[in-house]
Amino acid sequence: METSLQHENRMVLDVVQAALGLIPKEMTAISIVVDHDLVILHFAVVERSAQVDEDIEDLVSDVFALQDGPINIEARVFVGSPRGEWPGFSGRRVYLAKDF
1 METSLQHENR MVLDVVQAAL GLIPKEMTAI SIVVDHDLVI LHFAVVERSA QVDEDIEDLV
61 SDVFALQDGP INIEARVFVG SPRGEWPGFS GRRVYLAKDF
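When we follow my numbering, the leftmost residue of the sequence shown carries the number 1, and every step to the right adds one.
The hints are simulated quantities; they were obtained by calculation from the structure and are not laboratory data. Some hints could be false.
As the list claims (entries may be wrong) - Think about it this way: if two alpha-carbon atoms lie no more than 16 Å apart in a straight line, the pair counts; the simulated EDC-like pairs of lysine to aspartate or glutamate are: (1) 25 / 99; (2) 25 / 53; (3) 98 / 26; (4) 25 / 54; (5) 25 / 55; (6) 25 / 8.
Stated by the list, open to error - Here are the computed distance ranges between Cβ atoms for each label pair: (7) 100 / 21: 15 to 23 Å; (8) 85 / 2: 28 to 36 Å; (9) 68 / 92: 14 to 22 Å; (10) 69 / 25: 30 to 38 Å; (11) 38 / 1: 16 to 24 Å; (12) 6 / 50: 35 to 43 Å; (13) 89 / 21: 20 to 28 Å; (14) 13 / 74: 14 to 22 Å.
Every residue, glycine too, gets a C-beta built ideally from N, C-alpha and C.
Required output: the full structure, derived from the provided sequences and hints.
Here it is, written out as structure tokens:
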């Protein structure tokens, strides 16, 4: 049985693997919050578009595919800077664009 930290670490690695090649220039940050069987992926973007939404859907789908069993994954998208007001600021950061 995994500890909560081991579970969170595994989820972070899964998100990193799923994100490879799927981070568009409009995306400035990704963070993760793991709460038991719920995983919340926070995305900060400078502009929301159909392509950004598709990339996020693909990333979430890839994270689902990497799981051994059922899990709830929720994607939350924030338009703005990945600083203070970003809801994902307090989560475990997986990606932060160089300019931020």
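The hints, checked one at a time:
Taking the CA atoms of residue 25 and residue 99, the gap is about 11 Å. The hint holds against a cut of 16 Å. A distance of roughly 13 Å separates the Cα atoms of residue 25 and residue 53; the hinted pair therefore holds under the 16 Å criterion. Our distance criterion of 16 Å between C-alpha atoms is met by residue 98 and residue 26, whose separation comes to about 12 Å. With a CA separation close to 14 Å, the supplied pair residue 25 and residue 54 stays within the 16 Å bound.
Annotation: proposed proximity of residue 25 to residue 55 holds, straight-line Cα distance about 11 Å (limit 16 Å). Proposed proximity of residue 25 and residue 8 is contradicted: the alpha carbons are some 26 Å apart, above 16 Å. At about 20 Å, the beta-carbon gap between residue 100 and residue 21 stays in the expected band of 15 to 23 Å. In this structure the hint that residue 85 and residue 2 lie 28 to 36 Å apart at CB holds, the actual value being about 33 Å.
Checked against the hint of 14 to 22 Å, the C-beta distance between residue 68 and residue 92 comes to roughly 20 Å, which is consistent with it. Remark: the range hint 30 to 38 Å for residue 69 to residue 25 is upheld by a beta-carbon distance near 35 Å. At roughly 18 Å, the beta carbons of residue 38 and residue 1 sit within the given window of 16 to 24 Å. A hinted range of 35 to 43 Å for the beta carbons of residue 6 and residue 50 is consistent with their spacing of about 37 Å.
A hinted range of 20 to 28 Å for the beta carbons of residue 89 and residue 21 is consistent with their spacing of about 25 Å. Take residue 13 and residue 74: their Cβ atoms lie about 19 Å apart, and the range 14 to 22 Å holds.
The structure fails to meet hint 6 from the earlier list, while all remaining hints are met.
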